[in-house]
Amino acid sequence: MSALTHYRLSNHVLDRLINDASNEPRQLTDDHRRSLSARLRAVGAVEHRRLDAWVVENAGRPSSPFHWSPSSARRVLAGGALRRRSARSCSTLDAVDEEIDDVLARAARAGHPGSLPAWLASCTPGGLAVVRAEAATWATHVDEVAASLRAPWAYAPSDAYYDVARARTTLRGRRDLIVSPNEGRVLIRVRPGAPGRSAGAGLRADLTIDALADPDGLASRLAVGVWPEAGVVLVVEGTMSDLRAGGRDLVRAAVALRSRAERSAA
Amino acid sequence: MTTLLAAPHSVLEVLRGQRGRRPPTNRSAAAVLRTRLDEGLRRRIGAGHRETPLTIGPASLRARVPGGGSPSALVRAVLVTQILQLVAAGYLVEQPFDDAVGAWRAAGPQGELHSYFEALDAQERARLASDVTAHGFTLTHSLGTVPRSWSPRTAVRAHQRLADGDVVLRDLVDLMIGTTDAPLASLVLLDVTTGPLDEGAERVMRYHALVQTLRTCAVPLRTSIFSTGTGELWSTEVDDELLNRAADDVLALFAEESAP
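Note that the protein sequences, when read in sequence, are chains A and B. Going letter by letter, the first sequence gives residues 1 to 266 in the working numbering. Going letter by letter, the second sequence gives residues 267 to 526 in the working numbering.
Reference excerpt, derived from the structure (chain B facing chain A, CB under 10 Å, subset only):
#: 1; residue: Arg300
#: 2; residue: Pro418
#: 3; residue: Arg419
#: 4; residue: Ala421
#: 5; residue: Leu480
What the hints contain is simulated information worked out from the structure, not anything from laboratory work. Note that the structure is predicted; figures quoted are calculated from it, not measured. Beta carbons: idealized from backbone N, C-alpha and C, even for Gly.
Given these sequences and hints, build the entire structure.
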């Protein structure tokens, strides 16, 4: 049975959770990968699809098309800024500025329409300042979570990506911090707002995708979701039942996506 | 309470205060406050659950100002908040109205307020522009430069469920500086309002301190409110008495809102 546990974000709660987590290694094998691939192939896909925790949490619900805004850009920019800042000492705002300058330089080289560099390049100076403020605020939220950790940690170098063989599907697992206690690893995601009813399913999806993206299929000991605005922590343990539940939720999300595509085509 | 009216200090100097006088970060008050609120609300709600949760926010605690809730006053408040966000990000605001509108548009605003703004005729827009410019001038000249090392963040939201979700406290702090992760209290909260400061403003200051304490489990150093209408700043250190008064405000408001 998979379990989702709820905690209040108090001092050292993350350390306690990490210390108490099971050390038993769990691994996704080639059989698991083949099984997931077969199930996603069975769903079928007209075009290449991307599945992630957001799709899992919102499966079946109508959604508006994605567009860039200061709030949708903040996580990407804040993540880049924090990695930049960990390489050399500077203020968060300075790191955000450098990150935005870097993205703008990319836009000048090749800003594909609809991409973050192209959108940033189209912003007014005032608009860019709001993007900077949003990113800096988000970076500080992530930083406060990181600062409360005693075990060694690092900003995640990128999200986890896994292409499901012959299923025209890419899985994306979001992760902001990776904690490396004595054994194994723990994933931490920092999220806006307050957790909804499907937040656990989203965390399990992140846990499963992260394990699939690991070359050896090793699962994290925990997937931790932190909602700083609500002061809430949700935790999913990296057990086989949670990994299986994560896989099932991804397939369910693919079915919901396909049904929605069929409805809109009709 | 520090009251500053057209004084030669910058708002940020008052917010920073004297470093040597900062108390240790209080990490025990949050649990006591939460228990008190949960028990107080549960007593009033009784054994069952409310059909819909009661949402409380700073606006619920603000005194009603004549014309304060009009669309033009709300648009003005939104635009002045945008100016604060620009200043905190280190942007040099030269055309307060145009810069604020540009910043607002970048966020992709939707809803009635934005429709109201876009439907303004030239005369109404000019009136709003001169109003926002005046408030923006007061803000930028009083605030001072926000040092980058103070980790300024703007529009920081909070969301706290109490009494098993029957009551939801929502909050939005315009500017937050400092950190919760320090041995000495250093987190400072600033609300910016375009209206005059009154008893409601005091309640809002307390409310910000309460919700941030519940959210982070660390008591902030100081809570403050600045009026761009009068140039007045109210700032006070956060202590147990202030937090308990904030809890009283919430309980009283709940009793008022749920009275038959």
